[in-house]
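Enquirer: Sequence:
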Amino acid sequence: MELDMAGGQRQGLLADPGYGSRTSLSSRPMRGFTWRAKQRHRPGLEVMAPTGRKHGFEWSEEMRLLVALDFLRASEVLSQPFRMDFEQAGGQAWHIPDFLAVTGGGMWLLDVR
Numbered sequence: 001m002e003l004d005m006a007g008g009q010r011q012g013l014l015a016d017p018g019y020g021s022r023t024s025l026s027s028r029p030m031r032g033f034t035w036r037a038k039q040r041h042r043p044g045l046e047v048m049a050p051t052g053r054k055h056g057f058e059w060s061e062e063m064r065l066l067v068a069l070d071f072l073r074a075s076e077v078l079s080q081p082f083r084m085d086f087e088q089a090g091g092q093a094w095h096i097p098d099f100l101a102v103t104g105g106g107m108w109l110l111d112v113r
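Residues 1 to 113, numbered by the numbering used here, are exactly what the sequence shown covers, in order.
Worth double-checking, as some hints may not be accurate.
[Said to hold, decoys possible] Below, computed lysine to any residue pairings styled on SDA-like, alpha-carbon distance capped at 25 Å: (1) LYS54 <-> ASP111; (2) LYS54 <-> LEU109; (3) LYS54 <-> ALA93; (4) LYS54 <-> ASP70; (5) LYS54 <-> PHE71; (6) LYS54 <-> PRO43; (7) LYS54 <-> VAL112.
In short, the hints are calculated from the structure, not lab data. Being a predicted model, the structure only gives us computed values, none of them experimental.
Work out the full structure, taking the sequences as your base and the hints as a guide.
Expert: Written as structure tokens, this is what we have:
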């Protein structure tokens with residue numbers, strides 16, 4: 001499977017030889033996870049056992065979703081995987097979804113509100 005990324009890049013599922021038949025996605029977050037004093041949210045990194053990696057989050061609600069995905073044994077999770085550009089009544093717009101997750105039930109594009 002391939003995804004069209006911002007800037008005309010194409011991103012696909014990559015075989016990971018270290019995990020046998022497991023496939024993994026590869027991507028960098030579209031934004032950094034930084035914070036400063038007196039801001040309302042506290043970005044951070046959550047370690048997930050099934051992926052063996054840290055995954056970025058911006059809000060505590062996103063961290064709780066990562067914990068739930070960990071319990072669901074999501075085989076892959078990407079934080080802020082790509083930017084979606086689209087047209088709406090007022091003109092051009094864009095949005096960056098929070099996560100792309102691969103579970104036993106399929107691939108899920110998740111936005112936490």
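Enquirer: Now tell me if each hint is right for this structure.
Expert: Comparing the hints with the structure gives:
1. For the suggested pair LYS54 and ASP111, the alpha carbons sit about 19 Å apart, so the restraint of at most 25 Å is met.
2. For the proposed pair LYS54 and LEU109, the alpha carbon gap of about 19 Å is at most 25 Å, so the pair holds.
3. With a CA separation close to 30 Å, the supplied pair LYS54 and ALA93 exceeds the 25 Å bound.
4. About 11 Å separates the Cα atoms of LYS54 and ASP70, which keeps this hinted pair within 25 Å; it holds.
5. Proximity of LYS54 to PHE71 is assessed by CA-CA distance (about 15 Å); at most 25 Å being required, the pair is judged to hold.
6. Distance restraint check for LYS54 and PRO43: the Cα-Cα separation of roughly 12 Å lies within the 25 Å cut-off, and the hinted pair is therefore satisfied.
7. Under the criterion of a C-alpha separation no larger than 25 Å, the hint pairing LYS54 with VAL112 is consistent with the structure, at around 18 Å.
Going down the numbered hints, you'll see the structure goes against just number 3.
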